[in-house]
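Chains as they are written, first to last, in the UniProt record's numbering: chain A, 1 to 244; chain B, 1 to 597.
In short, the hints are calculated from the structure, not lab data.
Computed from a prediction, not measured in an experiment: that's the story for all the values here.
For each residue, glycine too, the CB sits at the ideal point set by N, CA and C.
Hints may be right or wrong, so weigh each one.
[Said to hold, decoys possible] List of simulated lysine to aspartate or glutamate pairs, EDC-like, C-alpha gap at most 20 Å:
1) 86(A) <-> 331(B)
2) 324(B) <-> 36(A)
3) 112(A) <-> 186(B)
4) 500(B) <-> 52(A)
5) 594(B) <-> 556(B)
6) 469(B) <-> 299(B)
7) 244(A) <-> 219(A)
8) 86(A) <-> 340(B)
[Said to hold, decoys possible] Residues of chain A clear of chain B, computed beta-carbon distances all greater than 10 Å:
9) 15
10) 22
11) 27
12) 39
13) 130
14) 140
15) 233
16) 236
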Amino acid sequence: MSAPGKPRSLTLRILRSAPGAHVEPQWQDFAVEEAEGMTLFIALNEIRQNLDPSLQFDFVCRAGICGSCGMLIDGRPGLACRTLTKDHGATITLAPLPVFELIGDLSVNTGKWMRGTAERLETWIHRQQAPALTAVEAPMEPELAEAIYELDRCIECGCCVAGCGTLRMREDFVGAVGLNKIARFRLDPRDERSDEDFYNLIGDDTGVFGCMSLLGCHDVCPKGLPLQTQIAFLRRKMAVVGFK
Amino acid sequence: MKVAKRTFDAVIVGAGGAGLRAALQLSEAGLKTAVLTKVFPTRSHTVAAQGGVAASLGNSTEDNWHWHMYDTVKGSDWLGDQDAIEFMVKKANEVVVELEHYGMPFDRTDNGKIYQRPFGGHSQNYGQTPVSRSCAAADRTGHAMLHALYQRNVRANTQFFVEWMAMDLIRNADGDVLGVTAMEMETGEVSIFHAKATIFATGGAGRIYYSSTNAFINTGDGVGMAARAGIPLEDMEFWQFHPTGVAGAGVLITEGVRGEGGILRNAAGERFMERYAPNLKDLASRDIVSRSMVTEINEGRGCGTEKDHVLLDITHLSPETIMKRLPGIREIAIQFAGVDPIKAPIPVVPTCHYQMGGIPTNYKGQVIVPKDGNPNVPVAGFYAAGECACASVHGANRLGTNSLLDLLVFGKSAGETVVADFQSGQLTLKPLPDDAADVSLARIARLETQTNGVEVNDVRLDMQRVMQKHAGVFRFADMLKEGVTKILEVAERAKHTQIKDKSKVWNTARTEALELDNLIEVAKATMISAEARKESRGAHVRDDAIDCAETPNGRDDKNWLKHTLWYSEGNRLDYKPVNLQPMSADVEPIALAKRTY
Numbered sequence: 001m002s003a004p005g006k007p008r009s010l011t012l013r014i015l016r017s018a019p020g021a022h023v024e025p026q027w028q029d030f031a032v033e034e035a036e037g038m039t040l041f042i043a044l045n046e047i048r049q050n051l052d053p054s055l056q057f058d059f060v061c062r063a064g065i066c067g068s069c070g071m072l073i074d075g076r077p078g079l080a081c082r083t084l085t086k087d088h089g090a091t092i093t094l095a096p097l098p099v100f101e102l103i104g105d106l107s108v109n110t111g112k113w114m115r116g117t118a119e120r121l122e123t124w125i126h127r128q129q130a131p132a133l134t135a136v137e138a139p140m141e142p143e144l145a146e147a148i149y150e151l152d153r154c155i156e157c158g159c160c161v162a163g164c165g166t167l168r169m170r171e172d173f174v175g176a177v178g179l180n181k182i183a184r185f186r187l188d189p190r191d192e193r194s195d196e197d198f199y200n201l202i203g204d205d206t207g208v209f210g211c212m213s214l215l216g217c218h219d220v221c222p223k224g225l226p227l228q229t230q231i232a233f234l235r236r237k238m239a240v241v242g243f244k
Numbered sequence: 001m002k003v004a005k006r007t008f009d010a011v012i013v014g015a016g017g018a019g020l021r022a023a024l025q026l027s028e029a030g031l032k033t034a035v036l037t038k039v040f041p042t043r044s045h046t047v048a049a050q051g052g053v054a055a056s057l058g059n060s061t062e063d064n065w066h067w068h069m070y071d072t073v074k075g076s077d078w079l080g081d082q083d084a085i086e087f088m089v090k091k092a093n094e095v096v097v098e099l100e101h102y103g104m105p106f107d108r109t110d111n112g113k114i115y116q117r118p119f120g121g122h123s124q125n126y127g128q129t130p131v132s133r134s135c136a137a138a139d140r141t142g143h144a145m146l147h148a149l150y151q152r153n154v155r156a157n158t159q160f161f162v163e164w165m166a167m168d169l170i171r172n173a174d175g176d177v178l179g180v181t182a183m184e185m186e187t188g189e190v191s192i193f194h195a196k197a198t199i200f201a202t203g204g205a206g207r208i209y210y211s212s213t214n215a216f217i218n219t220g221d222g223v224g225m226a227a228r229a230g231i232p233l234e235d236m237e238f239w240q241f242h243p244t245g246v247a248g249a250g251v252l253i254t255e256g257v258r259g260e261g262g263i264l265r266n267a268a269g270e271r272f273m274e275r276y277a278p279n280l281k282d283l284a285s286r287d288i289v290s291r292s293m294v295t296e297i298n299e300g301r302g303c304g305t306e307k308d309h310v311l312l313d314i315t316h317l318s319p320e321t322i323m324k325r326l327p328g329i330r331e332i333a334i335q336f337a338g339v340d341p342i343k344a345p346i347p348v349v350p351t352c353h354y355q356m357g358g359i360p361t362n363y364k365g366q367v368i369v370p371k372d373g374n375p376n377v378p379v380a381g382f383y384a385a386g387e388c389a390c391a392s393v394h395g396a397n398r399l400g401t402n403s404l405l406d407l408l409v410f411g412k413s414a415g416e417t418v419v420a421d422f423q424s425g426q427l428t429l430k431p432l433p434d435d436a437a438d439v440s441l442a443r444i445a446r447l448e449t450q451t452n453g454v455e456v457n458d459v460r461l462d463m464q465r466v467m468q469k470h471a472g473v474f475r476f477a478d479m480l481k482e483g484v485t486k487i488l489e490v491a492e493r494a495k496h497t498q499i500k501d502k503s504k505v506w507n508t509a510r511t512e513a514l515e516l517d518n519l520i521e522v523a524k525a526t527m528i529s530a531e532a533r534k535e536s537r538g539a540h541v542r543d544d545a546i547d548c549a550e551t552p553n554g555r556d557d558k559n560w561l562k563h564t565l566w567y568s569e570g571n572r573l574d575y576k577p578v579n580l581q582p583m584s585a586d587v588e589p590i591a592l593a594k595r596t597y
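Please construct the entire structure, taking both the sequences and the accompanying hints into account.
Written out as structure tokens, the structure reads:
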């Protein structure tokens, strides 16, 4: 907050739920006094410490790199630790990310979903023969390394999944996080998979052809990954394989 | 009470860098392995490491492992064991290249090699000029590393028990380790994980301090469990205060910023590190830079209205360099300090960052304890790696980028040792004692029934304030003495913590109460070990240690060139010699000398 003076009183309106407890989800209001530089992560911890120890939400690093604290913030997927309360109104609504299995309140099981995607798309370097460890690193153009790194920045927070129109209609869609992974390994010369191999993983409506180009994923990615470009590019490459 | 039992060849506690590296070794060798972790593996705190991993690849400037070894021994203020240090620096190239093969997206030089940047305390030619030794993926090296290791583990089909909190170490009458008890956080149920080998890779306990770069999950669980089970903790008085935490927020700003040319300035705009470390300046070792900063602040040259911080200046770097090499730092500075480092310097203060001490191990990752006059006898079935372990390679002060190297080298080494012991038939499944889960069940039962107790948050906060005030960057004899009394008082209160929420399912309050038990062990170990060590060495600097020819910088090698061992029972202290002998004949011992940069 730039202007000094009386701090705002905030209302955090949180969607409370406990799957398995057989009670309807309901909104609950918590009053928090805003402090300078306050993030939602700080506000939520204050609530849990002072008002309600049973409030569930996930966080680890508080610096936007671990990907734990994704949630719907005023209806839009985002990271709690990267959201300053001053950028929002006096009442902020918080709800769990959709699509993922609900654990309770603001906590969802992104990990289970991400592991499933990793196994399904085999998101690791595929090599016929393991290089000897005595060998030095295989050289790589710095520009290519940078391009791979750019896509490797994904923190698997699930915001793109929560913002995806297709995933709300078919839960077997791999989502932008999955397609971005494929784009990343496709770029990497250390991965020996061909476009045909990748086509077998994502060359249908559960993969790159399921995307309706609504691009919610691109708009909400907290890391600003170029998801729109990557999906469009992959679709062209996969279409070429499909026509063969 | 009946407790579910699961049986494995090996159980690993923790799925950060060290745990994942060890798990990979075991999974690929076909051992039936369970990895227990409080959070999904890629959320582990290794993800927050920024600046890089050390290896003397020599891709940008001439380098070799001898220089790296010298820097590490000197950085440790000669408290590091030279056999373990030799082992680590010699393995560095192998583990880094291996990661590169796993797909880790390192930055590259123009000729296609892994990009390396200068880092504090790393030098060419035995301390002469800075060397580029830190292999980096921009300023998110830990993130790239953790994901590469995780992907490799998915490939190897490693079995993770996510959101399981290990509670207590299980030992038999002979002291052999037989596994752990663990609580499933979803249900609150306790299970026994019975195994032939148990590897701890639980990270550090930076949360004992009020101001810390550490994540909230860094509660020293493995260290606390080991201490409660009678394993001594080594060199716990040595804590690293990272020079550049964002003032107020505590979030880390990598030393790589100074590696890329960043400069620390006081209120007068002076580059004050030139006075304290004429050779390496802003790239001196972390303990030295942190103390210099606090001295500037204490002497009235701090910045801001409260004169309580200094400035980290990169405005002279090109915006392109900042965007390319330090994009994450720019994000952090904008959010947590409200400044764009392209235009204005970042306010920073020394912030608790890393635990140099831990569970005593050798370079093979075996946990070692004194027995029958031998200070280093392996505990059957017990291994540890990464920040929770003390090999000891960091001694009294760790060099930046040596922590990611530590977790790779010793995670792998612990894994290799377990696989070798398993394949040779040395590891067997020993029978569980009948009371294997009793301690854990009693801890849970106490939390269920405690009335008129104290709040977990209050006790934790008191502990953090005592640690911050009495065992900080500079230490004072009388404050340490008082600190011991205070921390023992806090520890007494911690026995009566009470939780309001008694539900079984996803009970965060209960988890935090159990974590506090671990933090308290670490806090006691730190304060008591620090009070006892009557000298200045590395990160442990006392007002009553005198800088003279006999004790350079207050370091008293005659009396204190030894490792501390703290036992939880009775807060007993013991000591063991530092290994000044390297592992092989490839290198001479690095001789004791006064430490200057």
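| query | Which numbered hints does this structure break? | reply | Result: hints 2, 7, 12, 13 and 14 break, sorted rising.
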